[in-house]
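Student: Line order of the protein sequences matches chains A and B. Numbered by my numbering, the letters in the first sequence go through residues 1 to 383 in order. Numbered by my numbering, the letters in the second sequence go through residues 384 to 766 in order.
Think of the hints as simulated: they come from the structure by calculation, not from any bench. Some clues are possibly wrong.
Stated by the list, open to error - Covered stretches of chain A (chain B as the covering partner; in silico rule of three or more C-beta atoms under 8 Å from a C-beta of chain B):
#1 189-203
#2 240-250
Said to hold, decoys possible - Far from chain B, by Cβ distances over 10 Å, these chain A residues were calculated:
#3 THR73
#4 PRO84
#5 ASP168
#6 ASP363
#7 ALA369
Just so it is clear, CB atoms sit at the ideal spot from N, CA and C, and this is done for glycine as well.
Protein chains: 2
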Amino acid sequence: MSAGASVGRVETRTARLFDEAAPLVLESGATLGPVDVAYETYGDLDPDGGNAVFICHALTGDAHAAGLHDGATRPGWWDNIIGPGRPIDTDRFHVICANLLGGCMGTTGPSSTDPSTGRAYGLRFPLFTVADLVTVHRALLEHLGIRRLVAAVGGSLGGMQVLQWALDHPEEVGAAVVICATARLSPQNIAFSAVAREAIMRDPQFHGGDYEAAGTRPDRGLAVARMMAHITYLSEEGMRARFGRRLQDADVPRFGFDADFQVESYLQHQGESFLRRFDANSYLYLTRVMDYFDPFDDLASLGRKLERVGTGFLVISFDTDWRFDTSHSRDIVRMLAAHRTPVSFREISSPHGHDSFLLDIPDYHQTVATFLDRVYRNRGGRG
Amino acid sequence: MSAGASVGRVETRTARLFDEAAPLVLESGATLGPVDVAYETYGDLDPDGGNAVFICHALTGDAHAAGLHDGATRPGWWDNIIGPGRPIDTDRFHVICANLLGGCMGTTGPSSTDPSTGRAYGLRFPLFTVADLVTVHRALLEHLGIRRLVAAVGGSLGGMQVLQWALDHPEEVGAAVVICATARLSPQNIAFSAVAREAIMRDPQFHGGDYEAAGTRPDRGLAVARMMAHITYLSEEGMRARFGRRLQDADVPRFGFDADFQVESYLQHQGESFLRRFDANSYLYLTRVMDYFDPFDDLASLGRKLERVGTGFLVISFDTDWRFDTSHSRDIVRMLAAHRTPVSFREISSPHGHDSFLLDIPDYHQTVATFLDRVYRNRGGRG
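Whenever a hint applies, use it, and build me the whole structure from the sequences.
Tutor: As structure tokens, then:
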């Protein structure tokens with residue numbers, strides 16, 4: 001466990017950032033309102049507002065990044081890195097984390113009520129981009145009276161938001177920590193997400209996305225999607241160490257189709273527990289937003305963007321991550337460095353694959369802590 | 384295309400190898416009868432029966448390995464390697480290929496009628512092992528009056544059968560060609576198969592395996608299973624070359640959940656076309672038989688087995704195969720070599736991942752041809 005302490009008791013708040021009179025305008029031109037955003041904050045905001053750090057969460061994360069909710073025993077999903085004395089040090093920083101647009105944990109998404117029909121949006125929820133996720137984060141900052149971040153930090157889809165934010169609004173992001181992310185999904189990455197979506201959409205309980213109106217849920221498909229995705233979050237090496245070919249309940253194989261190997265019952269558990277906390281339509285939208293993400297696609301406009309970027313980047317990958325392997329991070333680093341954007345890169349050794357970004361790995365946490373310490377000491381120097 | 388020609392017009396025959404009076408006795412002790420086996424042969428059998436080569440097929444293969452069925456335009460699944468002048472040269476060898484026990488292409492499997500009920504077996508079909516697959520192959524040889532193979536050849540699950548056969552009955556297998564196989568699935572290998580089975584078994588049309596009686600089929604689950612498995616048969620590199628991030632029908636993304644990227648429509652096509660040729664219960668049994676395969680588990684009995692093995696092995700892997708990567712082949716080679724079994728090993732360079740074993744890759748085909756040429760010239764030398 002990291003040194004440092006928990007932020008203690010926390011609660012999720014909700015802010016209405018857009019409404020029907022002043023809707024969110026998406027990159028596609030579609031409008032959306034109302035838009036509510038669930039968020040949490042940890043640590044005090046300096047009087048000059050100059051110590052804010054934004055945490056961008058990944059596909060299945062939420063606003064509850066750190067601390068404990070009232071009555072809960074399990075802390076937020078990134079509690080090991082956020083807290084007093086921890087790498088994202090709440091004695092220094094005012095930390096903000098918000099559930100993503102399209103999510104299902106308090107922020108407006110496809111399970112929210114469409115005011116024009118009085119029913120859940122379902123697949124009538126507009127498709128959005130990573131830039132749209134950033135637009136909503138920026139609206140939250142404005143709501144909170146914060147004009148600029150000392151840092152934005154995120155892993156996986158979170159890192160993609162951090163990258164987009166720093167490219168589009170570099171003056172707002174002092175430093176960017178982009179962890180096991182990508183600037184462009186490979187066809188294999190897209191393929192895994194596509195099959196996960198197929199599992200959901202082919203579930204007869206999906207009802208074209210209107211499962212809520214039908215009084216049901218595509219649980220079978222969502223569980224299969226989660227199980228498959230989970231394989232890509234672990235490494236072959238990590239699975240060997242953790243499960244090997246060990247059997248679940250017996251010394252000798254039972255020779256049947258029930259879970260017999262430990263890895264089978266682990267995946268079943270992952271699939272089932274996911275159903276309690278996630279919505280199938282949100283899974284569709286938040287995987288699809290990644291497929292289309294391609295911020296380096298237009299090199300001409302990229303050049304103009306990067307000219308203005310004073311943001312200092314830390315890019316981190318993990319050597320056994322095969323969901324977004326190190327070559328994805330290297331591509332980001334190469335593109336930034338080619339445009340003379342300040343960037344540090346570390347590939348961290350860890351047996352835990354893509355999931356490493358969520359774990360307390362000393363070398364990793366120390367790398368983040370050292371970078372943010374320098375950011376803190378230099379704060380205001382760039383703004 | 385390999386030099387050489389096609390074997391031309393062929394047909395699948397069926398033999399009843401076991402019946403209720405003289406049933407197949409499985410490794411588990413369960414009995415099964417009748418057992419019919421669909422098979423094909425190519426090339427003439429020498430008068431002394433000394434030129435037989437057995438082809439063991441993989442998970443979704445069948446008896447139709449080479450040549451053309453009457454009226455068909457698409458040849459057998461391994462036509463590029465089998466034929467006059469091809470690496471498995473039918474001018475020299477009498478080649479036999481049989482659909483596996485538990486399959487759905489003419490050999491008795493879970494979709495066959497259970498004589499005790501008059502209905503399809505479904506999940507009442509007994510679980511079997513790779514050794515049981517070999518038992519049925521051996522019964523077919525006996526039926527054909529062949530006592531010994533000059534070689535057994537197979538890729539993936541096919542290679543697992545070849546390995547088992549040579550370990551258990553080395554006097555019957557002059558040479559063994561084991562291609563991109565494994566002697567022990569990793570937890571990641573098991574995990575992918577487990578999730579594929581979950582997709583099938585959670586399909587509401589599965590009906591506990593009795594979908595035929597219910598007049599339906601778990602097509603949704605089977606298609607998802609196939610799509611996911613297909614990702615593991617291709618390499619990241621091969622997918623980049625073949626699909627990249629190219630769109631299917633448009634110059635600009637359509638931003639929706641229909642197949643938009645080429646890789647998505649390719650996988651959908653793979654899933655759909657699979658439904659026309661494969662049975663869901665067979666998929667369950669033939670993946671499960673791989674999970675439990677572990678012929679090197681008992682080192683004491685292995686030592687005794689390998690002492691007797693005069694079979695010459697050729698083990699082949701492909702450098703971009705991540706379904707059964709080269710380490711799996713190296714483990715087989717190490718175990719054989721440690722027991723002084725003659726074994727040659729080649730890792731072939733190919734961008735096509737696990738599927739490489741089905742493709743006409745010159746270095747690969749030349750390696751097989753050279754090995755089998757030596758086998759042919761030395762035939763009878765060991766027997």
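Student: Would you mind marking each hint as holding or not holding in the structure?
Tutor: To see whether the hints hold, each was checked on the structure:
Counting residues of the segment 189-203 of chain A whose CB lies closer than 8 Å to any CB of chain B gives 11, so the stated coverage by that chain holds, three being the minimum. Counting residues of the segment 240-250 of chain A whose beta carbon lies closer than 8 Å to any beta carbon of chain B gives 5, which meets the minimum of three for the stated coverage. At roughly 29 Å, the least C-beta separation between THR73/A and chain B is larger than 10 Å, which holds for a residue marked as non-interface. For PRO84/A, the condition that its CB be more than 10 Å from all CB atoms of chain B holds, with the nearest at approximately 38 Å.
Separation of ASP168/A from chain B is adequate, the least Cβ-Cβ distance of about 19 Å exceeding the 10 Å criterion. Against the 10 Å criterion, ASP363/A stays outside the reach of chain B, whose nearest CB is about 24 Å from its own CB. At roughly 32 Å from the closest C-beta of chain B, the C-beta of ALA369/A stays outside 10 Å, upholding its exclusion from the interface.
Going down the numbered hints, you'll see the structure goes against none, and every one checks out.
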